[in-house]
Each structure stands twice: as structure tokens, then as C-alpha cells.
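A.B. asks: Here is what each chain is made of, one letter per residue.
Number of protein chains: 2
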Amino acid sequence: MTTTNDRAVVLASGGMDSATAAYEAQARGYEALYLLHTSYGQNTEQREYVCARALADHVDAADFCHVETSHLQQIGGSSLTDSGMAVAEADTESDEIPSSYVPFRNANLLAMAVSYAEANDCGAVFIGAHSEDFSGYPDCRPAFFEAFQRVVDVGTKPETDVSLVAPFVEWTKTDIAERGLELGVPYADTWSCYRSDEPACGTCDACAFRLGAFQALGERDPIEYEQRPDYAD
Amino acid sequence: MTTTNDRAVVLASGGMDSATAAYEAQARGYEALYLLHTSYGQNTEQREYVCARALADHVDAADFCHVETSHLQQIGGSSLTDSGMAVAEADTESDEIPSSYVPFRNANLLAMAVSYAEANDCGAVFIGAHSEDFSGYPDCRPAFFEAFQRVVDVGTKPETDVSLVAPFVEWTKTDIAERGLELGVPYADTWSCYRSDEPACGTCDACAFRLGAFQALGERDPIEYEQRPDYAD
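Residue numbers (UniProt numbering), protein chains in the order written: chain V, 1 to 233; chain X, 1 to 233.
Just chain V, with the same shape it has in the complex:
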């Protein structure tokens, strides 16, 4: 039994980055995509699920695994999963770890993805993390993915060969959007806002990064906003 390499797991959050990662995976020859979407109690999980499910249709996914788990919410410590903590206004210049940081979240998601990959003989796990994430989140840094690759290499069966691929890890959000527009990623069916289910607030970190990327490319973001900054009209 070998891990045939046209199969890849993609961590599909429902957002722009992971949708672009799915299209990038197919562009690199991974035709059979196994999408893993996790509802972990994040504020906007219903809308994210709808978008991830739509992505599975768009890429004609080989499989769609929807994990519902409450443990990150139970453990707490993040404004993303704790309705009692306010999501902060955008501060894209800050060096502080944002309140939306979910303790060690990406390790939890990658562990699930590798289990899913190993059980389905997939040769890769794609994750859409990018450089503007790792300014704030320790579990989005290149060093984190390199360290996790080692865990995969020693912690799976000898015949398992799963590569972690974070294709955008050194890119900006604008680079991702540019690549995604080139690949035809249906951004109308993606969700980024940390705060509300619909329409997007337009003022949290995630909205600010997203709107900024479209602005830099001279494109209009196709989703609706509660409050669209003047520059993004």
C-alpha cells in the first residue's frame, strides 16, 4: 500500500486562503482532494461550513470530512471561540498576539488532517497559512510547519509518506488573492470575517486583510459587508 500522490488533504476553513490552497493543490497535480472542515465553536462556524461545502463542489472533491468538536471552545482562551470575549478591531500593525489566537489551534487541525491523510493514503496535506498570519500567530510560522513535518515523519506508519504543504507561507494575502484570481477561485463562496455570520463586519482583522488584498489588486471583493471602507467601494 503506497500513498499515491494525486491525493491530498486540504484543510478547508471556508476562507480565501484555504480555497486558494485547494486550487493550488489541483494545479500541482493533486486531482483527488480530501477536504477537511472543522467546526470547533468559532463564532462564524455556520457560514464557514457553507463555504467549505461549496468549495468541495467547486473542486469536485473526492471526499469531504466535517469534524465537529467542542474541545477548543471548552479549553477557551480565544475571542474566536469565546462569545464572552469581544473580537478586537483591526490592528494589522501590532506585534501582539491577537485575542483571536486559539491556543495551539493549528497543531490540532494538522493532527486531524494527518490522521485523515494516513487513513486515506494521501501524499500531502495542504494548509493555506500565510506570512501575515504568522506575524501574530505562532502556529502559522514556517518553523512550526517544519517541526510538524518531523512529527509526521516519525509518528506515522513506516509506509506512510505525507508532506505538509503550506504553499503561501511566505506570501502576503495580496499574493494569495492574485494567484487565486488567476486560478479562478470562487471568492464569492469564501468567508473571512471573525465576527458575524452575514454580512461580514468589514472592521475586524480578517476583514481588513481581505479587503486590503482586493484593494491592492484593484479588484472588488464579491462578498457583502456591513460596513465597507471607502477604499473598497
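Be aware that one or more of the hints could be misleading.
Identical copies look the same in the list; a pair holds intra-copy or inter-copy alike.
No farther apart than 25 angstroms at their CA atoms in a straight line, the calculated lysine to aspartate or glutamate pairs in the DMTMM-like style are these [claimed, not checked]:
{"id": "1", "residue 1": "Lys157", "residue 2": "Asp230"}
{"id": "2", "residue 1": "Lys157", "residue 2": "Glu219"}
{"id": "3", "residue 1": "Lys157", "residue 2": "Glu146"}
{"id": "4", "residue 1": "Lys157", "residue 2": "Asp121"}
{"id": "5", "residue 1": "Lys157", "residue 2": "Glu31"}
{"id": "6", "residue 1": "Lys157", "residue 2": "Asp63"}
{"id": "7", "residue 1": "Lys157", "residue 2": "Glu170"}
{"id": "8", "residue 1": "Lys157", "residue 2": "Asp197"}
{"id": "9", "residue 1": "Lys157", "residue 2": "Glu182"}
If you're looking for bench data, these hints aren't it; they were derived computationally from the structure.
With chain V's structure known, arrange chain X on it following the hints.
C.D. replies: Relative to the frame of chain V, chain X by itself:
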């Protein structure tokens, strides 16, 4: 805010090894234990929960977090979580990866434990894995824990300082039982059998290792067995 203190997370499966790990943690000065127990669809999850809960009372745990998640069962690939796959009879000499291997399970459990530790300023995560596990399970080997420590170091907040402690990683089951009897671990409230909720089958790998450990020490295992081998009477 520092994490150097007397707080530790213990991955409490309900079994002998993790119960002994909890007592070992206290013996090493971690008085405030945060027990993390996971129901992930394993065959004997109800009985394991009862034992983990009893352990929390025995050690007067500071907190008990019960995670219920279906993702390992959804992902499948193991006789431990797939009721359609038979649990094999004991073969403690085999080099094959047993059918009870849950793909990359310990990475999933450690990721949860580190999230829990980071959210609660704990300085350590204890896991009761031992050398007879890693003869069969790749995610129980010393190299796996060393690699995971690096992921923790780079993937958590700068002020977070969590040490993974696998105190028995080079020990045999017999060594663990000997230490546990010395520490007064209440083994009557621990569960090892992979197959049935009560009484333990006495014939699966986990029962065979457990019974063998008590036999080697000349002690009688205090739990009930469906079928107790002659040597263990």
C-alpha cells in the same frame, strides 16, 4: 504570566499507565493536575470515562476536561474505533503495526493537551506512553515526543513554556505497575481492555500486557476478567 508552577496537564485515558503518570506527576511536585480525558469513539469509552473521572477524584484534580470528539472515528482505519473491524487476539511478539493503531492518534491527543496547558498556564503535559506501546505504535516512540516538543516550543506563545513528559517512555508495563503500586495508584479503578466495557476480555493485547505485568510482580490484578488466564489466578 509565567507557566513555571505546580500545574500540569495529564492525558488521562482511564488506563493504568496514565493513572500512574498522574501519581508520578504529583510525586514530581505537580500538585495541581488538569486531567484531559477524550472520548473519541473507542470501543470501551464509557468504562474509560468512569475510570478517568474516578482518577480525578483520587488525585483531587484542579480541573477535569472531558473532550468528546468523533473525528478519529469518522476518519476510521482502526479496530479501536471501527466496530466493523475485529480487535485481534494478543500477539505481544509481533513487529506489525496492530489493527488497533488509530492513525496519528497521539498527535491529536497531545495537540489537545498542549492547547489545554497553554490556556491554563500549565508547565507540563504528562503522557503515560511506554516502550511496549512503541514496539507497535509509531506515535509512542521517544523520537515522536522529542519532535512534538519542538512543535510546542515554536507553535505556542513566546511566554508559554510547556514540557512534554513521558516518564515511562523507556519502561515496560511491569516497571510502571511496580512504580504505581509503590505510589498507591488505585488500579481497581483503571481500564485497559480494548474489547469490552465490562468485564475485561482477558485476551486482547491490552489485557495480555496488563495481566503479564501483575504476574511478573506476583500481584493479582484487582479488576474482573471474562477469562482470566491460569497464570493470573
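A.B. asks: Confirm or reject each hint.
C.D. replies: Against the structure, the hints come out as follows:
no. : hint            : in the structure
1   : Lys157 - Asp230 : neither (53 angstroms within a copy, 35 angstroms between copies)
2   : Lys157 - Glu219 : neither (46 angstroms within a copy, 35 angstroms between copies)
3   : Lys157 - Glu146 : both (19 angstroms within a copy, 17 angstroms between copies)
4   : Lys157 - Asp121 : within (11 angstroms within a copy, 33 angstroms between copies)
5   : Lys157 - Glu31  : within (24 angstroms within a copy, 36 angstroms between copies)
6   : Lys157 - Asp63  : within (22 angstroms within a copy, 34 angstroms between copies)
7   : Lys157 - Glu170 : between (30 angstroms within a copy, 20 angstroms between copies)
8   : Lys157 - Asp197 : neither (40 angstroms within a copy, 28 angstroms between copies)
9   : Lys157 - Glu182 : neither (38 angstroms within a copy, 35 angstroms between copies)
Going through the hint list in order, the structure does not satisfy hints 1, 2, 8, 9.
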